[in-house]
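Chemist: Chains A and B, in that order, give the protein sequences.
Quick note: the first sequence uses the numbering used here, first residue 1, plus one each step.
Quick note: the second sequence uses the numbering used here, first residue 10001, plus one each step.
Not one of these hints is a red herring.
Which bits of chain A does chain B cover? Going by a derived footprint, with three or more residues having C-beta under 8 Å, they are:
#1 131 to 138
#2 346 to 359
#3 424 to 431
No lab work stands behind these hints: they were computed from the structure.
Cβ atoms here follow ideal geometry from the backbone N, Cα and C, with glycine treated the same way.
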Amino acid sequence: MKKIYFLSVFFSFFYTAWSQDDVYPAKEYKGVLYITNGTVHVGDGRVLDNATIKVNEGKIVQVGTGISVPQHDGQVKVVDAIGKQVYPGLILPQSDLGLKEISGSVRGSNDFRELGDYNPNIRSVVAYNPASMMVNVLKANGILLAAVVPQGGTLSGSSSVVQLDAWNWEDAAYKTDNGIHLRLPSFHPSRRSFFIETAQSDREEATRRALGKVEEIKSFFREAKAYLQETSRTAPNLKLEAVKGLFNKSQKLYVHAGEVKQMLLAIDFVKEFGFDVVIVGGEASWQIAPLLKSVNIPVILNALHRLPATEDEDYDQPFKTSAILQQAGVLFALNDDANNTRYRNLAFNAGTAVRYGLTKEEALSAITLNAAKILGIDSRTGSIEAGKDANIIISEGDVLDMRTSIIKHAFIQGREVNLASKQTQLYERYMDKYGLKQKQ
Amino acid sequence: MKKILLIPVFFAAVWSTYAQQTFPVNDVADERSKAYIFINATIVKDVNTTLQNAAMLVQKGKIVAVGNTVAVPKDAVVVDCKGKYIVPSFIDMYSDYGVPVLQKVPVGFSYTSPIRLTSDTKGARGWNEAIKADIDAVDLFVADKDKAKTFRGIGFGTVLTHHKDGIARGTGTVVTLADKKENLVIVKEKVSAHYSFNKGTSAQSYPTSLMGAIALLRQTYIDADWYKNNPDAEGVNLSLQAWNNNRHLLQVFDAGDKWADIRADRIGDEFGVQYIIKGGGNEYQRIKEIAATGAAFIVPVNYPQAIDVEDPDNARLVSLNDLRHWELAPVNAAALENAGISFCLTPSDLKDPGQFLSNVRKAIEHGLSEQKALEALTRTPATLLGVYDRLGSLEPGKLANFLITSGPVFHEKTAIFQNWVQGEKYTVRDVDDSDIKGIYAMVLHTVKGDTRYTVEVKNARTATVSNMDSIQVSFSFNGRMVNMSIKTGKSAQPVIRLSGAVDHNRNWKGTGEDAEGNTLLWSAEFVKPLEEQTDDVPKKIIAPQTKITYPFGSYGWDEMPRQETLLIKDATVWTGEAEGVLTNTDVLVKQGKIVQIGKGIRDAGAKIITGTGKYLTAGIIDEHSHIAVASSVNEGAQSVTSEVRIGDNLNPDDINIYRQLAGGVTASHILHGSANTIGGQSQLIKLRWGADDKGLRFEGADPFIKFALGENVKRTISVANNRFPDTRMGVEQVLADAFQRATDYENALKKAAAHTGKKKEPANPFATVRRDLELEALVEIMHQKRFITCHSYVQGEITYAMRVAEQFGFRFNTFTHVLEGYKVADKIKAHGASVSTFSDWFGYKVEVTDAIAYNAAIMQKMGLNVCINSDDAEMARRLNQEAAKIVKYGGVSEAEAWKMVTINPAKALHIDGRTGSIKTGKDADLVLWSDHPLSIYAQPEKTIVDGIVYFDIERDRLLRELISKERNRIIQKMIAEKKSGKPVATFKPSLYFSLSCREDEGAIIQ
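Please put together the full structure from these sequences, using the hints given.
Modeler: Following this line, the structure appears as structure tokens:
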């Protein structure tokens, strides 16, 4: 079997490389860039009609109307966005991007789940593959930044935010080790499988086991806290050392929790350890929205495009959860975790949320500025405001509605990135084979 | 007396209570007459006849006489049954008494584990281990004293027992629950043949699914019939031989659920068998369909316990379906009675058989008549088993199988004292409260003199003593002796302890010790009976508030909706036809059809639906779906399973039907999964929410079948695959081989039909050629009577599949998924297949690394009939968005993109004459959208199938409130049950799942 694995890994890698070898990361651009006359969606709710953005050395320096654009200046790049919609680059707040290539069948292409239970020292960024087949596809749909998150165990390790136009992981790193990921056990007994009834003992034990696990997690942090109080140490403990950032608040604790009880415990962590906690998943967060607001815990919602949790639940519950959080004043970001489409539909999850209660600008914030805040990068990105990185996309029309969500230009730190991908190349190749004319 | 005895002599040879003749006696002979006469009893002779103050004479295990005047033979033991009842004992039709199956963990099918291809059963038996027709319960039967005692304790005297293992389970035998040598308790050796959908302990992989089990049963009926001609090719097949021999017996099918009952009955209909069906207790939910089976039923009385739902977070995960069933389960028997269905009751599914009588009583409280209850436990089973001449009532000549009870057998306070089986007494309860109940005058002869007390005995365990400063009295009566200890005063003083014997005049005499340890004599005399309220009649409780809805769970209908004349006014109508988009247009619907499209249409009788500002389109048709399927979508044990049918396996209660209506879907093509190259036959349905499985079917549509190629069928993720094929090279050969075999089969049939002995009669080719359901479906394909939807990914496999088909003279109707279809669009076009793809899936398997979102656009531009499908219960709710993506990826026009989810799939499924666009004469399958249908902001407000509004956003909002109220009501009731101290079941989430092509994965991987 090993041989076969080896071969299939080899081939998939080969294909990937072959198909995109002419899509290069953009060269650094230190000059001045103007994006003119577009409808600028700032990301914080504001929309500026017919506005111009001035960028210098990769940073936004000015946004507004009445910004004069020098004519015929060879040093200056001008992109006309008239009639087009200009948005901050979209941010995918939770993903296995670059860690997982062929999820199902090629083990060798998977680097997203480590063995062991307590791995706070695991760092996802070092395994991030910037040449992943998915990266260019996401970029073409306006996603310019993504959090790369390890899985597995209870403490899975630290995530990092990457920008999607890079030669290597060090280039890609946008914010390294922005948080540690904790996965809480389920308090619900597993649902019956069709063939085998859940044993009575299993049912009774689910809660007890979960509570036991939570105690164990707390013990870990108590020991870590004690450990970190001793500063002169000759033999450091990698695992305990790794959670230092949680105590000094340079890192957030991302608690993966969908059930009400899990989220209540996440709140408890804030109380005991004073961590900056973010809930990831939040399937049932709509039930405790006011509570989340009262303790100011933000939520990264898993994809809206999912089925309700129970037969009786409103068919549109997952679609409207974000509106409930919005109304309660909870800070939240939207995610796309659909494995079969590899997260390319982030904008359309936000679009669906609009139909079910968000305004378009609120939905946009949920995939830009809110995500930046939750990932701890809002000082640098997430909105089109002076002082931030020029992470900008220009769409033919409404980016949230697929019919018009056609990204014409994308800039990461002022560099205009190539929006071609293996998908567009194969499109071209076969349109050419059949003598068809491309229209896009 | 002798005269009466003469009548049943015929039976006596077998049914005597003599010790068995062939067994040597290690003692002296001890023949007794074993005659008992029971007098002064209320005798429930049969379901219709109760005799007051009657007598029954029993001799040598059988009833000799029953009546108001029965001569008492001198050598009979007289049993005075004053105040007591004599009732025929019960018969259980669904027991495994004496033939238990050794429990093994059921072998589930795993997508990655090796396939078990052969049977573990040794010898000249059939190919499939789950067909155990040659098992005879009478062979395996070993009397089991403990079990016999348990079931006698709840009133049973006779059972039909069988080995509950396998899909065919062999024969059952009728035995009594007497503690005798097996030889003497067997009433009838082979009475019944048993079947189920559950392969039990069989470790063989086939069948992995319910539909596979059904196919196996159907094929076995055919094989057995063919085997009657002793085909050389088969040799001796003991399984089929036994199957055939069992056909003349009573046919009993363990179905175990309302829909399964109907599935079982359909198999019976096909092969001329009327099964007696063992139900599941939820038949009341679909009583009309159940009655239509015409079957007699055996139903359990195992009602669900209240669930511990105090924790609201847990309660949320218990479905309304389960909550309602908890409340309604006891109405099941009454529903059967009211529907005129013949049925028996069985304790078989009860974890604690001790619950049986109280559960029957619950059924009576919920409307079952007492008479019917008795019939269901005596005459009906005896009649079905063909033993009513020997069992089931108290008549001369019948076995002396009866109960002596304190009152009417189903009343709450009634106790069973004795259960007589074959004329032998088995004591169930020694003590009769009525023997001791009463007021007594007691005298203690102590050293200080006599003291007098009054004792009030309430029952064999409770008494109070007056005229004494007593705090506690403990009392017991065991039928002969009384024991009492009386604690006087408040201190921890010792007690007065008394024990004594009770004589036949109810006077007590005995000895005791007082608190100081002095011995004493004492006596008591019966003074008078207790004054009691005798309201011991079953209380009729108010009918539960739960209504039965269709489907039974949330969002169901109180009554199935009917077609109405509908007039949709002033909408923007996307016709999907050459007329394109018509603004401010009306559409008139009558009798389920679109009858008029235009402006200013009037119809006095029509219900008006205002379409102003809204968009009306044809309903969405999902070419690739796995909703509304019960338990399984794959029969994965073999590479060719064209014999299985998804239609056998529908689940009309699937909530995803409703959710997809809410997403604008009106028809779905329900496919077999992709576990094997030639999968099962698919089923096109319309989303008629609330209909039964037959009602869901898209009537008159061409039949289809699912094929699959690539990674799934070669079991790529299995590290231990042993099922051919393991490569795409092998997949091609599986296809070629299957159609070669089908060709040979067809030729053999033709040849057999031509060779007819008698000239005028058409020959039956199946007399010599074994009818093969698998090959039959393939022959249909070759004759364009069945059409293929083929799961496919890479260009090479798409091409070779077409070439194999062309070699055998047919074509692939549809390639589904077909993510590399763009690479061979010209070849597919030349072949003439439709394509049905995902809008933007990629990157989840090696075979989708070249999948591109532009696939649909390229194929459309190449002139193919392109559909966008879901294969995903969630995404199917947003197929309009998926179609809109084709505008984004490749710039297809909106009109063309919309067709990809409506008229194009209708064409691919050959139903474009019926549905898929808005055109006069077509079915009124329509969706009214809030916004431009391709916009992400669009939401269906009404979804209409056949002119019936199955989804209405306003009704949905109303239902949400009702569901919430009803949930709360029942949850509160359950909590009250818990508070009242009744046992409650530990919380467990309700079963709720959605299937995908690879259902074992949980997540939807395609």
